[in-house]
Every structure is written in structure tokens, then in C-alpha cells.
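These are the residues of each chain, in order.
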Amino acid sequence: MQHSKDFWFDIGPLHAIPQRGARTVKTPRREIAVFRTASDEVFALENRCPHKGGPLSDGIVHGRKVACPLHNWIINLEDGEATGADKGCARSFPVKIENGRVYLDMGVAAAP
Amino acid sequence: MSQVSASPRKKLVVLGNGMAAGRVLDELFARAPDLYEITVFGAEPRVNYDRIMLSPVLAGDKQFDDIIIHDDAWYAQHNIDLRRGETVVAIDRAARNVRTQSGMVEPYDELIIATGSRPILLPIPGAELPGVVTFRDLDDVNAMLTAAKGGGNAVVIGGGLLGLEAAAGLALNGMKTTVIHLMPTLMERQLDPNAAYLLQKAIEKRGIEVLTGANTNAILGDSKVTAVRLQDGRTLPADLVVMAVGIRPNTALAKDAGLEVKRGLVVDDFLMTNDEHIYAVGECVEHRGQCYGLVAPLYDMAKTLGAKLAGEQASGYAGSSTSTKLKVTGVDLFSAGDFAEGEDEIVLRDPSRGVYKRVVLRDNRIIGAVLYGDTGDGPWYFDLLKKSTDIASMRDMLIFGQAYQGGGAPMDPAAAVAALSDDVEICGCNGVCKGTITKAITAKGLTTIDDVRSQTKASSSCGQCTSKVEALLKFTLGDAYSASGRKPMCKCTDLTHEEVRGFILSKELKSVPAVMQELGWKTSCGCPSCRPALNYYLLCAWPGDYRDDPQSRFINERAHANIQKDGTFSVVPRMWGGLTTPDELRAIADVAERFHVKTVKVTGGQRIDLLGIKKEDLPAVWAQLSAAGMVSGQAYAKGLRTVKTCVGSEWCRFGTQDSTGLGVKLEHFLCGSWTPAKVKLAVSGCPRNCAEATVKDIGVICVESGYDIHIAGAAGLHVRATDLLGHVATEEEAIEYVAAVLQLYREQAAYLERIWKWAEKTGLEKIRAAIMDDHEGRRALLERFKKSQHAVRKDPWAERAAGQELHEFMPLAVLNTVKPLVPAE
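As given, the protein sequences belong to chains R and S, one line each in that order. First residue of the first sequence? That's 1057 in the numbering used here, and the numbers climb one at a time after it. First residue of the second sequence? That's 5 in the numbering used here, and the numbers climb one at a time after it.
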């Protein structure tokens, strides 16, 4: 089944996410962690560490990476890939900022 | 050489015969030598020459012939009709022709405006007097050289690139020269104050007087200039005044023709003006809001325009990064890009050689460079800047230059430091050179970084040269040097935990960014290892002042609960000394039922753990516990956890003192305190030690005569019995001594270091001396502990139940109903 992209949902103002922090977005299919870096970039990943399913939104955000709170796997925010010796990937989702608000592409986020 | 083609060639007219015009034609001829019939109008009565080499001509290093770019033969070879000394006064865009001062009309198919810029003349009285010149063309140089023949005084207004080059030239020609500069430092647009300071010294060494922060008020004289008067009333005698305060794009002609002119003549990425048959190039243009006064951008523009005129599908001009070199013999200076304050930077200073190098970075890319005294690597830095190369892998050696970047792999730091000469400054803060350090190491038998710090001051201020000092120790002592015990905090810094703590106090660093900036952190915002450590160190060093950074805390301390394997949390309310009441138990039972707590467990620290609570439910759980008078047990904290007790003299037939009461008092006094690692206490009522106080971080064992205070026990990954710190007689003293030792640990230990580890590192005797023997010191520790407790006396659960930090617990959005996304086929 082919889901079309570009169903941008307004999920809230950028300032509601702490810098070097994250908030979650609950969707019917999955929970998504939306991260905000020190330089105000946003990234969205499935809120499950590829290692043991830890909530990445609870991790420490540093640069464009997050440390999983359970076992300290370091996950790249850009593509969800584990870094270093660890192998695994958290699915990433399109997210963007417009006029100070954060938009998540639900066309992708709601797809299987 | 020329051929006459059957069809008439297009007519190209060029206004201006400077470097930009010449370069455009070079670029055009390289691609299409015969495409146009070309006429060039030049205001100067000579061929095209290299204007930026006028300074060496003034200084006598070069003759005019040396700086000619295109001689007469070149114009002839390309059949260019050069009208030298002929000024164009009007452009008729509708008729597509230009008219000269003598009334001649020249038609064009394509027109290039390359009229350059004019020196700015200050609108002050006397500016038009004979003897006042600018520094723009060969006529100006000749005027200066003529004036210099008579000796006398020269005043140069403007301490920028041109002004300083003019001043140096005039001084060489025997004039007593003064430079007047409006701003506080020379060349402030290209140099930072450090490099400007070195430059001013070098200029003054040439016998040139430099007056900074000086505003010119008037130029005095009747028939010719005699003096310059400053705003503050000072008058400087002058036989020659050179005005070098800047340039302005020369756009009068374009403006009269109705072309769009802002600061300069506006062009697009293909150097086209708002008339499709008129192009412009060089210092007269404004491209993407930018005007340029240097040669490199002009060459970049010429390339684009040359290709465009040749009919090529050229890529557009995208603007230029610029670099500056001052052409004064013996002054070696290079600058490029941005060097605003407060950026990531690497600095090398060597005062004895007059060398200063500063490379400014952002996200591991060079965005600016200022070099003074040794500019050999300027082009290399500029290249890295223009290419936006990631320099992370060569950062350690970057400031030493390209020679130290051997074969892609960075040169070993020890070898690089070994290669430095003895007079190279290692520690910029305290001005300590390599030779001073190596001599001290040899002569005084120094073996550690701390030795070097105390003996030479090197690396004792900002700590950024620590790795170099260490390399010097290795280099000087060879195998005799062992770095044992020196472990950098993390990959973000070369400093150890202890060193960072020391600098936080000595340099009064009060925020995470301040620490990272001042101590030269190698990463932009730290890592999960150093951020929590820094947050703790700052909290400990500046209680009340420092604003806690939740984003630098591990989730447990941020959410005030313990994360479990499934992402839920556990909640442990405090039970003072292990005591509870039916009401408290009832409240806990209610919470457990209402929030469907799957597991209720008694902990090893004599309290109750509620497991499996969803993050969103935490504030509500706390609200309910709070209502029953319960507070956070801080079971999640690097801080005081529990004080375990036995029933003591109140019930036990062996009890010697009220161990339960002391435990409750201790827990009340110490709770809420953040510490390097978790801290567990116990108080046993007699030496039978039912509270297991001898495997706790701090344990108190009650005896008939008072209280034995133990420290440094462990019963986790590592098992260790406590050491007896000392004996006190009263309960009051017991509390004071325990708090003091806790504070000493708070102030000295590395983050995540339990008390036993800190005690083994520090030595029990040292701790005993500080707590048991130094009564004044102990009381001071107690006072500092009390002060730190002022900042944490609020219950974090009650605060959050009342709505604080709500974002931590709430989803940003809940999207429940999503309509089918696939449109009907």
C-alpha cells in the first residue's frame, strides 16, 4: 500500500520542546519522539531504541545525537542509526519547522 | 592576426580600464577571442595595471613597469580600441550608445560598467587644499613621491589597509609620518584587538606615530595644507595629508542612466544589471547586498562574466569569501572570514617572536582566521574556510599549520610539541614558553602536570594547554613519565574531573556554556558523560547562583523517579529513618490501587517501592502522596538516598543510644542534597550493627560513650567494610561531623565516584585530619553544606504535582483520529 507524503500535522510550537530535549507525539500506530537540538533543529524518531526498546525521548540530547536512557546506546538523530559498535536503527520521520511551529508528516508517521 | 568575418561582430563597450575590466577581457578571450569588436574607455591616461601593487611602488620596491598587467601590444593583439584618458559622461540605454566628455558617441550591443570605486573624502574644512591626496591610482602615488622629496611631515587619515601601506611608504621615503585612526584599534574590520596590538607595535617601530581613537576635525592651511587639527584640539603639522578612510562604489554614471543603484550598482548572479545589455563588474557593483574592495572577488566575478559574454552556460557568481594581506615589508599579517567574539577558537601566541594565530571555528569548520607574524599557513586556512572542511580530525594540530598534518593522519602531539622551538609560548595565559617548562622539568625534577603548574604557572589558568604540557613532560622525561592517574573527563576535554572542578572555582565559571567555552571544550554541547558531571560541579560550586540544567541530567533526576526496562517508572516516597505510619501506608495503598501499580516492594533501604507507573501519571501519583504528607525519597538521585536504622535504645535491650532518632534527624538534615554519586547511610544502636552501617557510604555505630563515625563502606558491585573516621560524644556532634564529611566529598570527588573510591584516592588520614582535627575547617564545611541545602529544601514532587516542568511528563501532541490517507482510486 502506497501512502502519499506531505500530510503535515501541526504538533505544537517549537518552544514547547526544551532545547537539547525531546517531547513525544502519540499516534495511533506508534509513539514518536520529536527532538530539538541546541541549534534549534528538530528530528523525529520512533520512540523505541533499536536495542531494547528504551524511550529515546528520555535520553540526553547532545549535538545531533541522543543517548538512550536504558543502556546508553548513542542514536543518530538524523537517520536513527545506532553509532559506534552498536548496530540498529530507530525509524525516522519527516518533521519540519515553519513560523515557529513544528510539523510532523502524518502521511509517513501513520503508515505501517 | 585579426580576421574580418563575413557577418559584423557584436560591439562590446567597456567603461573602465582597471583590473576588473582587464580580467573580464582575459576571461572572454580565453573562451572566444573574436566574438566582439571591443572599445575600452579608461579615465587614467595609461594601460591596465595592478592597482594593489601601488604600495610597493610607493615604497620603492617596484617600478610602474613592473605592475603593468596589459601592455600596448596586448591591446593591439586583440584589436581593442583603447581610449585612454577619455571619460564617458552619459549612457543612452534606449539608443544603446555612450557619450564621452568630448562629445563623441559610441554605440554598443553589450556594455560593461567597470568604473570601480572612489576614495571617500571626509567632509571637513580644508579637504580640498593642495597637498591633500587620496591613495587610489598612480597619480596619487606620484603626488606622494613628489611631496616626500621635500621631507617634512605627513599625516595619514585612516588606519586601514591602504592607510597603513601609504604610511609605511611615506616613512620609507623619509617623511615623519603620523597615522590618525578613528577606531580604538587598527584595521578593526580585518583584525581582532590582539593582532591589531601587534600590528601597531610593528608600525610604531618604523618610526610612525599611531593615534587611535582620534577624530580629524579640520585640515588647516591657506594656499596649501600646513596642519591637521583633531577634535580634542591637538594640531599636527603636515606638509602632506593622505586620506585613506575607505572607498565608495563609483556609480554616478549608472545612476544617471536610470540603472538600479543601492550601495553599489545592483547586479544578479550573472553580473547583469536591470538592463539586459548592461553588465557591471568589480568594486562598483553590489551583489546580493555585498560590495567588495578586494581583488579576489573581482576575479571571481570576471570569470562568470567572461563566460557569459562568450555565450557559455556559466554557473552564476555566488559571492566570495575574502582574505586580506597587508603589503608592508616586514609586517606579516593575514586575515579572513569572521572572527566575532564568543566563538569556538584556537589561539597560539609567541610574544618573543611576535606571532599570534587565531583560528575561529563553528561546528568544526573554520569561519575565520587572523595570523600575525607567521602567515605561511594563511592560504591553507583560507582554503579550509572556503571549502568548509570538517577539521575535527586535525583540530589538535590545526593551529600548528599544514606542515603538522602529515599524510592525512594527524602528527603525534608529542612529536609536534617536540618540534617547537624553545621560545614558543605554550601557556598563553601566563606567558610560559616551552624552554621554561622543559628547564623546570629537568632542573627541579618535576614529574606531574601539577608539579609543572605550581613551579611554572603553565596550564594553571585556563587549562587549554594541558595536553601540550603533558606532551612536554613525556618528551622531556621519556619513559620515566607515567600518566597514571591522569584521566581526562571525557572525549570532550583533556582536563581531568579534578582540574575542571578547580577551574570552575578559580575562574568563577557559572554555567555549562561558560565552562565549555573557557576550558576549550572540543564539542559544541558536550556529551552524556560530561554534561551531568558539569551540572553537578556547578551546582555544588555555586549553590543558589547556578540554575540547574534539567537537560544535562539523566532521566531519573529529570523525572524524579526511576526509569524501568519498559520505560515506566518506580516511585519511592521517603520514610524517615525507615519509620512509617498507618496513614502513610494507607496513602501508599490507595495510590497503588488507583494507578494499578503492578508491583509493591519493600526496598533494601527500609521503604516502599511502587513499580510500573506511567510517566504521564507521575504528577498525579505525587499529588496524592503529597496530600498525605509524603515527599520524594530521591531513590533516583545522585544524592542522599536513605538512612537505615535499627530500633535502638527505645526498644532494643542492647541499644546504647537512640539510633532511630539520630537516623531521622540525619535524614532530615541531609535529604535533598545532590552528591557526586548516591549516598546511603545507616545508624546502628550498638556494635551488633543490625542496620549494617559498616557497609554504607557513611555509617554511625552507637556505643555507650557516644558515636563511632565510619565512612567508605560499599555493598554493591564492590564490597568493602567501612573505615573508622573517629569518635564523638554527642548526637549533635555526630550530625555535624557526618554533614562535614559529606560536604568534603561533595566538593572533592569526581562525578559518579562513590565515597569509598574518593576516600581511597584521597587517603583516610587526610580526610580524618580535615574532619576530626581541623575544627575550624570542619565548621566551615558544615556552613557550606547548610548553604547548599537552602537551595534544595523544596520537595521536587510537590513542585511538580503543582504543575512545574509539566512538559517533562506530557506528550507534545496526541493524535488519535486520523482519517484514511489514501485518496479514492
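Take the hints with a grain of salt, since some may be wrong.
[To be verified] Here are some of the chain R residues that sit facing chain S, going by a computed Cβ distance under 8 angstroms: (1) 1086; (2) 1119; (3) 1126; (4) 1128; (5) 1156.
[Said to hold, decoys possible] Facing chain R, according to a computed beta carbon distance under 8 angstroms, are these residues of chain S, among others: (6) 351; (7) 535; (8) 659; (9) 660; (10) 820.
Bear in mind the hints are in silico, worked out from the structure with no lab data behind them. Treat the numbers as computed from the prediction; the structure is a model and nothing was measured. Ideal Cβ positions, reconstructed from N, Cα and C, are used throughout, including at glycine.
Do the hints match the structure? See the list:
Given hint, residue 1086 of chain R at the interface with chain S, is violated; its Cβ is 11 angstroms from that chain's nearest Cβ, farther than 8 angstroms. Against a cut-off of 8 angstroms between C-beta atoms, the interface hint on residue 1119 of chain R holds, since the closest Cβ of chain S lies about 6 angstroms away. For residue 1126 of chain R, the suggested interface contact is upheld, since its CB lies about 7 angstroms from the closest CB of chain S, less than 8 angstroms. Here the hint on residue 1128 of chain R is kept, as its CB sits about 7 angstroms from the closest CB of chain S, short of 8 angstroms.
Annotation: interface hint on residue 1156 of chain R violated; nearest CB of chain S at approximately 14 angstroms, more than 8 angstroms. Given hint, residue 351 of chain S at the interface with chain R, is violated; its Cβ is 24 angstroms from that chain's nearest Cβ, farther than 8 angstroms. Using the Cβ-Cβ criterion of 8 angstroms, the hint placing residue 535 of chain S at the interface with chain R is satisfied: the shortest such distance is roughly 6 angstroms. Interface hint status for residue 659 of chain S: violated, as the beta-carbon distance to the closest one in chain R is roughly 43 angstroms, over 8 angstroms.
For residue 660 of chain S, the shortest C-beta to C-beta distance to chain R is roughly 45 angstroms, which exceeds 8 angstroms, and the interface hint is violated. Interface hint status for residue 820 of chain S: upheld, as the beta-carbon distance to the closest one in chain R is roughly 7 angstroms, under 8 angstroms.
The structure does not agree with the numbered hints 1, 5, 6, 8 and 9 stated previously, though it agrees with the rest.
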